[in-house]
Amino acid sequence: MNVKGKNIIITGGSLGIGKETARDLVEKGANVLITGRSENRLIEAKRYTGAKIIEFDISDHENISDNAVKCIDILEGRVDVLINNAGIGVRRSVEELNIEDFLKVFNVNVFGLALFTKEIVPHMIKESYGTIINIGSTASLKGYKNGSIYSSSKFAVRCLTQCWQAELRAHNIRVCQVNPSEVTTAFGNSERVERENVDNKLTSKEISHSIISAIEMDDRGFINELNIWATNPFE
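Letter by letter, the sequence shown follows residues 494 to 728 of the working numbering.
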């Protein structure tokens, strides 16, 4: 897919991976709309990326259909690419597990992602064309210490990705999961402040490159899953 002139939605686009990907796509000529919960961060992201913005919380499931309609209206009725990037995480040991934390994470990472995609997919089916990128994590491949809540949410996203691949290929809709390992972003930071880059750690730029590479593959093929690791994060 040539992204020039394509309409692209990025959820959780006001920080980190979403923000960097939005900027890179706009530079390539795409029409990008980013969603986010914070008006101030969205305004700053608009200045940084040149993308359109819309404020809403993807965990607000009651209003997700209305918010999807607003997104589609902003993009004048066509969505070529959906990048499901919005996500949160918590670290809890097995002794600390509680339903409140499970629901907080799953409401964004799984339920919000699935319900928003549900609203966008009919427009792609109508056009018999589209690409969906789900931002997962290498935590969707293997669990880790204190990762019961976050990792299980990303395992669920991986399952959704595989189900949608089976359902949507017949409509010429490609579904890909991109799994970053640790990235120096504000993710997991309660103050939502971007972390400083570390020389041997991945940055949002590498993940943006991977996402866009998957989108730009010729439409006759697709990447079903893409895992991105830092070469040597152990120094």
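Each hint should be verified, as a subset may be incorrect.
To be verified - The calculated BS3-like cross-link candidates involving lysine-lysine, where the alpha carbons are at most 30 Å apart (straight line), are:
{"id": "1", "residue 1": "LYS521", "residue 2": "LYS597"}
{"id": "2", "residue 1": "LYS497", "residue 2": "LYS521"}
{"id": "3", "residue 1": "LYS611", "residue 2": "LYS521"}
{"id": "4", "residue 1": "LYS619", "residue 2": "LYS545"}
To be clear, the hints were calculated from the coordinates, so they are not data collected in a lab.
Hints versus structure:
no.	hint	result
1	LYS521 <-> LYS597	violated, 35 Å
2	LYS497 <-> LYS521	holds, 6 Å
3	LYS611 <-> LYS521	holds, 27 Å
4	LYS619 <-> LYS545	holds, 24 Å
Hint 1 from the list above is the single one not met by this structure.
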